[in-house]
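Colleague: For this one, chain A is given, so just place chain B on it according to the hints.
Line by line, the protein sequences are chains A and B.
For reference, each letter of the first sequence is one residue, going 1 to 127 in the numbering used here.
For reference, each letter of the second sequence is one residue, going 1 to 127 in the numbering used here.
Hints may be right or wrong, so weigh each one.
[Claimed, not checked] Now the stretches of chain A that chain B is said to cover, found in silico as 3 or more residues with beta-carbon under 8 Å:
1) 75-86
2) 91-103
3) 110-123
[Said to hold, decoys possible] Chain A is nowhere near these chain B residues, computed Cβ spacing over 10 Å in every case:
4) Arg23
5) Met32
6) Glu39
7) Pro46
8) Thr49
9) Val59
10) Asn83
11) Ala97
12) Pro99
13) Val102
14) Asp112
15) Phe119
If you are wondering where the hints come from, they were derived from the structure by calculation, not from laboratory data.
Just so you know, even glycine gets a beta-carbon here, dropped at the ideal spot from N, CA and C.
2 protein chains.
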Amino acid sequence: MSEINTVVDAHLVVDAYLAVWNRTDATSRREMVEDLWAEDGGYTDPLVTATGWEKIDQVIAHAQAQFTGMRFVRGAVFDAHHNIARFTWELVPTAGAEPLVVGFDVVALNADGRIQSVFGFLDKVPA
Amino acid sequence: MSEINTVVDAHLVVDAYLAVWNRTDATSRREMVEDLWAEDGGYTDPLVTATGWEKIDQVIAHAQAQFTGMRFVRGAVFDAHHNIARFTWELVPTAGAEPLVVGFDVVALNADGRIQSVFGFLDKVPA
Numbered sequence: 001m002s003e004i005n006t007v008v009d010a011h012l013v014v015d016a017y018l019a020v021w022n023r024t025d026a027t028s029r030r031e032m033v034e035d036l037w038a039e040d041g042g043y044t045d046p047l048v049t050a051t052g053w054e055k056i057d058q059v060i061a062h063a064q065a066q067f068t069g070m071r072f073v074r075g076a077v078f079d080a081h082h083n084i085a086r087f088t089w090e091l092v093p094t095a096g097a098e099p100l101v102v103g104f105d106v107v108a109l110n111a112d113g114r115i116q117s118v119f120g121f122l123d124k125v126p127a
Numbered sequence: 001m002s003e004i005n006t007v008v009d010a011h012l013v014v015d016a017y018l019a020v021w022n023r024t025d026a027t028s029r030r031e032m033v034e035d036l037w038a039e040d041g042g043y044t045d046p047l048v049t050a051t052g053w054e055k056i057d058q059v060i061a062h063a064q065a066q067f068t069g070m071r072f073v074r075g076a077v078f079d080a081h082h083n084i085a086r087f088t089w090e091l092v093p094t095a096g097a098e099p100l101v102v103g104f105d106v107v108a109l110n111a112d113g114r115i116q117s118v119f120g121f122l123d124k125v126p127a
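Isolated chain A, as found in the complex:
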C-alpha cells in the first residue's frame, strides 16, 4: 500500500469521492467511478455492499434516484494517515440546510492511489 503523501492528497480524494455522489450524468459518473476506484475496489455501507465499478456505480445511481436534487457535502470530521482517511459527509437538501443524513466513511487506497475499499457508517438517518 502506498501512503497518502500529504493531507492535501487525502482531502482531494475525499472531494473527488463526494463529487462522484453528486454527478448524476450517467456517462461521466461512471468515468469518475473508474478514475477513483480500483477495478476490484469495494464499497460497503449499512444498506449495501458492492465490488467493482459496475456495481459501485449502480449503488450511487440508486442513492441519487432516492435523494433527487440533494447534495453530498463535506462534514466536520477529517483525519488521514498512511493510506487511509476517515471523514464525515452530509446529505443536504440545499446549501447550508440541516442535513437529512450524516455519514461516516473510512477509505483505504491501494498502491496506485485508487480507492480499494470504502467502509461506510451512518451517524444520522431520516426519522
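Modeller: Relative to chain A, chain B alone:
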C-alpha cells in the same frame, strides 16, 4: 466477504481484539493474534502499519512496553454491519480512570471471520 452474523458476533470480535492488546504473555499473545487475524491480515494506526502475524504481534508488544500496566477497554462507540465494525477503545491506567488515549478503529473481517484489516485512528492522545 462473509457477513458478521449478528451484532453479538461483532462484539465478540471487538472483545477478543482488545483482549490481545491486554495479553502480555508473549506466547499466548502470539496465539491470540494468529487466532484473531488472517495470516496476511493488516493493522494500521497513525504511528505504524503492519502486515502479517509477526509484525502485528511486534506492534502490540511495543505498545504494551510503552504503556506498562495499563489496560485497553471498550469505549462508548460500537456499530457493526456486513463484515465491518467501528468502535472506540480507551487506554486506562486503572479501571474507571480517565483514559490516557482514546482510539477509534474500523475492523474488516474476511470470509473466515478473521480480521483482514484494522484501520485505526486516535481521538485523544496524551498531552
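Colleague: If a hint holds in the structure, say so; if it does not, say that too.
Modeller: Status of the hints after comparison with the structure:
Interface restraint, the stretch 75-86 of chain A with chain B: holds (6 residues with C-beta to C-beta distance below 8 Å; minimum three). Note: the stretch 91-103 of chain A has 0 residues with beta-carbon separation from chain B under 8 Å; the three-residue rule is not met and the coverage is violated. For the stretch 110-123 of chain A, the stated coverage by chain B holds: 3 residues have a C-beta nearer than 8 Å to a C-beta of that chain, and at least 3 were required. Once the 10 Å rule is applied to beta carbons, Arg23 (chain B) is consistent with being away from chain A; the minimum gap is 25 Å.
Every C-beta of chain A lies more than 10 Å from that of Met32 (chain B), the closest at about 24 Å, which supports listing it as non-interface. Chain A leaves Glu39 (chain B) outside its interface by the beta-carbon criterion, the shortest separation being 17 Å against a cut-off of 10 Å. Its closest Cβ contact with chain A, about 4 Å, brings Pro46 (chain B) to no more than 10 Å, contrary to its assignment away from the interface. For Thr49 (chain B), the non-interface assignment is contradicted: its Cβ lies about 5 Å from the closest Cβ of chain A, within the 10 Å cut-off.
Distance to chain A confirms Val59 (chain B) as a non-interface residue, since its nearest Cβ pair spans about 13 Å, more than 10 Å. Residue placement check: Asn83 (chain B) does not keep its beta carbon more than 10 Å from all beta carbons of chain A (closest about 7 Å). Consistency note on Ala97 (chain B): stated as away from chain A, and its beta-carbon is indeed over 10 Å from all of that chain's, at 25 Å minimum. Listed as a non-interface residue, Pro99 (chain B) keeps its Cβ farther than 10 Å from every Cβ of chain A; the least gap is roughly 18 Å.
Residue placement check: Val102 (chain B) keeps its beta carbon more than 10 Å from all beta carbons of chain A (closest about 13 Å). The claim that Asp112 (chain B) is not at the interface with chain A holds, since no C-beta of that chain comes within 10 Å of its own (minimum 17 Å). The claim that Phe119 (chain B) lies off the interface is violated: its Cβ sits roughly 5 Å from the closest Cβ of chain A, which falls inside the 10 Å cut-off.
Hints 2, 7, 8, 10, 15, counting from the list given before, are not met by this structure.
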